[in-house]
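*Asks:* Letter by letter, the chains look like this.
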Amino acid sequence: MTQPAANMRGPGGPLSGVRVLEITKVWAGPYAGKMLAHLGAEVIKVESATNLDEMRAYGGVDINSAPYFVSINQEILSVQVNMKTEEGLDLVKQMVAQSDIVIDNIRPGAMERSYLGYEDLKKIKPDIIQCSIKMWGNEGPLGYQTGYAPCFASLSGLTALVGQEGETPKGMNIRYGDSSSGACAALACIAALHHRERTGEGQFIDLSAVESMTSLVGDSLFSHSVTGEVPVSDGNFHPEMCPHGAYPCQLTGWISIAVANEKEWRALCEVLAAEDLASNPRFASMELRLENRHALDQAIGELTAEQDAADLAEQLRHAGVPAFKSMSSIDLCSDAYLWGREAYRMVTDHKNGTRPIIGPSWRISPDGPKVERGAPLLGEHNDYVYREILGLPQERLDDLIARKIVD
Amino acid sequence: MTALHGITIVEIAERPAGEYTGKLLADFGAEVIKVERPGGAPTRHMGPFREGESALFAYLNTNKKSVVLDLADAGDRATFEKLLSRAHGMIDDHDENWGRARKLSPAEIAASHPQLIHCVITPFGQGAPPEWQKARPINVINAGGWAYHSPSETTPDKPPLKGAGRFLPDYEAGIDATMAMLSSLYRQRRTNQGQFVDISEVEVQLNRIDCVLDRMLAGDVEPSDERTAYDMGGPGTSFACKDGHIYIFMTTKGHWNALRELMGDPEWAKAFREDWLEFDCTNANVAEFRKHFTDWILRQEKMPITEAAQKAGIAMVPVNTAADLPNHEQFIHRGFFQEAEHPVFGKVSYPTASYKMSATPVRVTSPAPTLGAHDSELGDA
Chain P
1 MTQPAANMRG
11 PGGPLSGVRV
21 LEITKVWAGP
31 YAGKMLAHLG
41 AEVIKVESAT
51 NLDEMRAYGG
61 VDINSAPYFV
71 SINQEILSVQ
81 VNMKTEEGLD
91 LVKQMVAQSD
101 IVIDNIRPGA
111 MERSYLGYED
121 LKKIKPDIIQ
131 CSIKMWGNEG
141 PLGYQTGYAP
151 CFASLSGLTA
161 LVGQEGETPK
171 GMNIRYGDSS
181 SGACAALACI
191 AALHHRERTG
201 EGQFIDLSAV
211 ESMTSLVGDS
221 LFSHSVTGEV
231 PVSDGNFHPE
241 MCPHGAYPCQ
251 LTGWISIAVA
261 NEKEWRALCE
271 VLAAEDLASN
281 PRFASMELRL
291 ENRHALDQAI
301 GELTAEQDAA
311 DLAEQLRHAG
321 VPAFKSMSSI
331 DLCSDAYLWG
341 REAYRMVTDH
351 KNGTRPIIGP
361 SWRISPDGPK
371 VERGAPLLGE
381 HNDYVYREIL
391 GLPQERLDDL
401 IARKIVD
Chain Z
1001 MTALHGITIV
1011 EIAERPAGEY
1021 TGKLLADFGA
1031 EVIKVERPGG
1041 APTRHMGPFR
1051 EGESALFAYL
1061 NTNKKSVVLD
1071 LADAGDRATF
1081 EKLLSRAHGM
1091 IDDHDENWGR
1101 ARKLSPAEIA
1111 ASHPQLIHCV
1121 ITPFGQGAPP
1131 EWQKARPINV
1141 INAGGWAYHS
1151 PSETTPDKPP
1161 LKGAGRFLPD
1171 YEAGIDATMA
1181 MLSSLYRQRR
1191 TNQGQFVDIS
1201 EVEVQLNRID
1211 CVLDRMLAGD
1221 VEPSDERTAY
1231 DMGGPGTSFA
1241 CKDGHIYIFM
1251 TTKGHWNALR
1261 ELMGDPEWAK
1271 AFREDWLEFD
1281 CTNANVAEFR
1291 KHFTDWILRQ
1301 EKMPITEAAQ
1311 KAGIAMVPVN
1321 TAADLPNHEQ
1331 FIHRGFFQEA
1341 EHPVFGKVSY
1351 PTASYKMSAT
1361 PVRVTSPAPT
1371 LGAHDSELGD
1381 A
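These protein sequences, in sequence, are chains P and Z. Per my numbering, the very first residue in the first sequence carries number 1; after that it's consecutive. Per my numbering, the very first residue in the second sequence carries number 1001; after that it's consecutive.
Think of the hints as simulated: they come from the structure by calculation, not from any bench. From a predicted model like this one, the values you see are computed outputs, not experimental measurements. Don't take each hint at face value.
The calculated lysine-lysine pairs, modelled on DSSO-like cross-linking and capped at a C-alpha distance of 30 Å, are [as the list claims (entries may be wrong)]: (1) 1158/Z - 263/P; (2) 123/P - 93/P; (3) 404/P - 93/P; (4) 25/P - 1311/Z; (5) 84/P - 125/P; (6) 404/P - 122/P; (7) 1311/Z - 1158/Z; (8) 370/P - 125/P; (9) 263/P - 404/P; (10) 1253/Z - 1270/Z; (11) 1134/Z - 263/P; (12) 351/P - 25/P; (13) 123/P - 404/P; (14) 125/P - 351/P; (15) 1103/Z - 263/P; (16) 1242/Z - 1291/Z; (17) 84/P - 1347/Z; (18) 1347/Z - 1311/Z; (19) 1253/Z - 25/P; (20) 84/P - 1253/Z; (21) 1134/Z - 1158/Z.
Using the sequences provided together with the hints, build the complete structure.
*Replies:* Written out as structure tokens, the structure is:
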């Protein structure tokens, strides 16, 4: 059984005492692990020098400070084991026996081929919670297919809804999809912990990354089922607000503005000193503004074009009009409010002392989770896992290392 | 069997962010009691409508109960307090002033209901300037950076986009809120102690782009005002085909050779190095490739060509629409859409969840409640 007292993650955080084993690569799987770690679980990543997470290789030569890897895997522990050897697999099974949750996002069928499928794991630990993250889920007619985030977004129905009006739908940014799918996986794992706590029963969670994206457009799909209308990409159109969009400002700036009623409309016109818009009969009601929205968007864009996006947004907000600057990466990185709220925070880093990271979206009090340690060196927690959790003698560990079972 | 059997949540949220959080919990089997103002939740009045009934409300409130309480009325307030005293958690998504005005601030709730998990979802988290709190989803997704960088390769003259549908940042925030609440509820089982959970919708967006934005924060890559700062380069994008759209993603020699073969090895493709995707993936080459590919793919039908591509090992997929999904073999196999009767709409198809749980499957067991449908149960509160 899991021994919370020996848990390296220590107290602090609502999932304190929960141990997670992750056999994950790239982004979606590691992101699920990160979510659980940032809620206080002890998350152990099973790694191998001969079968590295690609993220340890991108953007540099040092596998212990690869930028992609260290920007995701904070508060994760790393244990090395060569899963291509029978002895290595046996060690992984011993780790499973000491864990509450096992997460993987490796190729379809790979876990089963290594005798790490749910039926196998259940024999090792009857109440184990196993979560498998795959593009299409773990089985089914297309279960064999693999793909990249923009592919699952396209398959999901989400991409079809994002694009400039009348143009080919280009979808969200190409990076969108992996992390959201990982978050859905973590969510299901925590729900499964509740069921286990109440009944003693574990379970298998079969997560489809495509469907994670689909669930994010659920209301559009449900509306299609109710009304029969097929939703399409619609720029920034909103059927109940107008103006509703992003408008050009000075330099590269853009401002988002959303007007839901006449009071906000009048306030917008006042801040923009647009008496002619306020008195124009084509824009005199929400219905008319929606009807003439392209002309209205054009007119507002002309009024915002010479203004500073952040200043104008602040004026509008004070006047009661929802508005915010469209934030670029440099805006986000230099934002005093975000730094002040610890949206970004420093963690220890083995190479340089500290590194800023993006913290979780939650603050939990009292006794919230700590996020203080940077991503692990490869095998940094070999001693902890093999000696303390599995209870192997030092000679045995030395031998496993010498024979590259621990590699 | 449901995952959250026995857990009771009071929902005073009135926006999609909080209502989606309540939906996720209710779909996992929690008893979610939606407290509505007299006249009903604002989402009941948001479209699209059929026979006067909001499809949005019907989607966001499956498996919930509805009670009507005026929190400003002393009698109703006493009932509400009784409800809270038997609840495990409460979901709110109003701004701080709203909570303070109703004596529902985190400190007040912690004092009066110390066992309760109290979650508040706001655009910028607790402590933001009051005038920031009135932010709509389009403001939130612009404040969080995804709009500025979507779609990929957007040119500086095109507006940032709000994302898919009307509420993408709400749903993303709902996932994190549910995750944090469920974690805190798990602790509550063991300690019987409540906690306050503060969720920032903007910070959810920042977290989702961790391995791109954090490299900028840490100085591995320069942040900039480029619209393409989140992009990864390469020829991957969507294209119009004969009967819709497809998306193609390619990074290797293997992908390129397979695509050439699929296209019948056209003359123009011979001008490209076999390994151009890996070693010669210049903007000019990408543009040249797209010019020719655009012509070819426009003559293909999306299902046959993407099936052939998949079999050849090319990551080319259909851009599926809302009409495609209910008939899609993999969605059908997994039972993602659940047919059910709705009292006003008749037979409808609910999208369910991406996680198939072997012991506690997510199901819609009751449609969104009519206003005050469970008022009679308040006597037992």
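*Asks:* Give a verdict on every hint.
*Replies:* Results of checking the hints against the structure:
Distance restraint check for residue 1158/Z and residue 263/P: the Cα-Cα separation of roughly 29 Å lies within the 30 Å cut-off, and the hinted pair is therefore satisfied. In summary, the hint linking residue 123/P to residue 93/P is supported, as the alpha carbons are separated by about 10 Å, within the 30 Å threshold. Proximity of residue 404/P to residue 93/P is assessed by CA-CA distance (about 18 Å); at most 30 Å being required, the pair is judged to hold. At most 30 Å may separate the alpha-carbon atoms for a hinted pair to count; residue 25/P and residue 1311/Z meet this at roughly 24 Å.
A C-alpha spacing of about 22 Å is found between residue 84/P and residue 125/P, which places the hinted pair at or below 30 Å, so the restraint holds. Of the supplied pair hints, the one linking residue 404/P and residue 122/P holds, its CA atoms being roughly 28 Å apart against a limit of 30 Å. Between residue 1311/Z and residue 1158/Z the CA atoms are separated by roughly 36 Å; this puts the pair beyond 30 Å, and the hint is violated. Among the hinted pairs, residue 370/P with residue 125/P is consistent with the structure: their alpha-carbon atoms are about 29 Å apart, no more than 30 Å.
Of the pairs offered as hints, the one joining residue 263/P and residue 404/P is violated, with about 71 Å between alpha carbons and a cut-off of 30 Å exceeded. Taking the CA atoms of residue 1253/Z and residue 1270/Z, the gap is near 13 Å; set against the 30 Å cutoff, the hint holds. Using a Cα cut-off of 30 Å, the hinted pair residue 1134/Z and residue 263/P holds, with the two alpha carbons roughly 14 Å apart. Note on residue 351/P and residue 25/P: the hinted pairing holds, with a Cα-Cα distance of about 22 Å set against a maximum of 30 Å.
Taking the CA atoms of residue 123/P and residue 404/P, the gap is near 27 Å; set against the 30 Å cutoff, the hint holds. About 38 Å separates the Cα atoms of residue 125/P and residue 351/P, which puts this hinted pair outside 30 Å; it is violated. Restraint check for residue 1103/Z and residue 263/P: satisfied, since their Cα atoms lie roughly 28 Å apart, inside the 30 Å limit. Between the alpha carbons of residue 1242/Z and residue 1291/Z the distance comes to roughly 16 Å, so the proposed pair stays at or under 30 Å and holds.
The straight-line distance between the Cα atoms of residue 84/P and residue 1347/Z is roughly 51 Å, outside the 30 Å bound, and the hint therefore fails. Distance hint between residue 1347/Z and residue 1311/Z is unfulfilled; the C-alpha atoms sit about 36 Å from each other, more than 30 Å. With a C-alpha separation of about 22 Å, the suggested pairing of residue 1253/Z with residue 25/P holds against the 30 Å cut-off. For the proposed pair residue 84/P and residue 1253/Z, the alpha carbon gap of about 27 Å is at most 30 Å, so the pair holds.
For the hint linking residue 1134/Z to residue 1158/Z, the alpha-carbon distance of about 26 Å falls within 30 Å, and the restraint holds.
Taken one by one, the earlier hints fail for this structure at numbers 7, 9, 14, 17 and 18, listed in ascending order.
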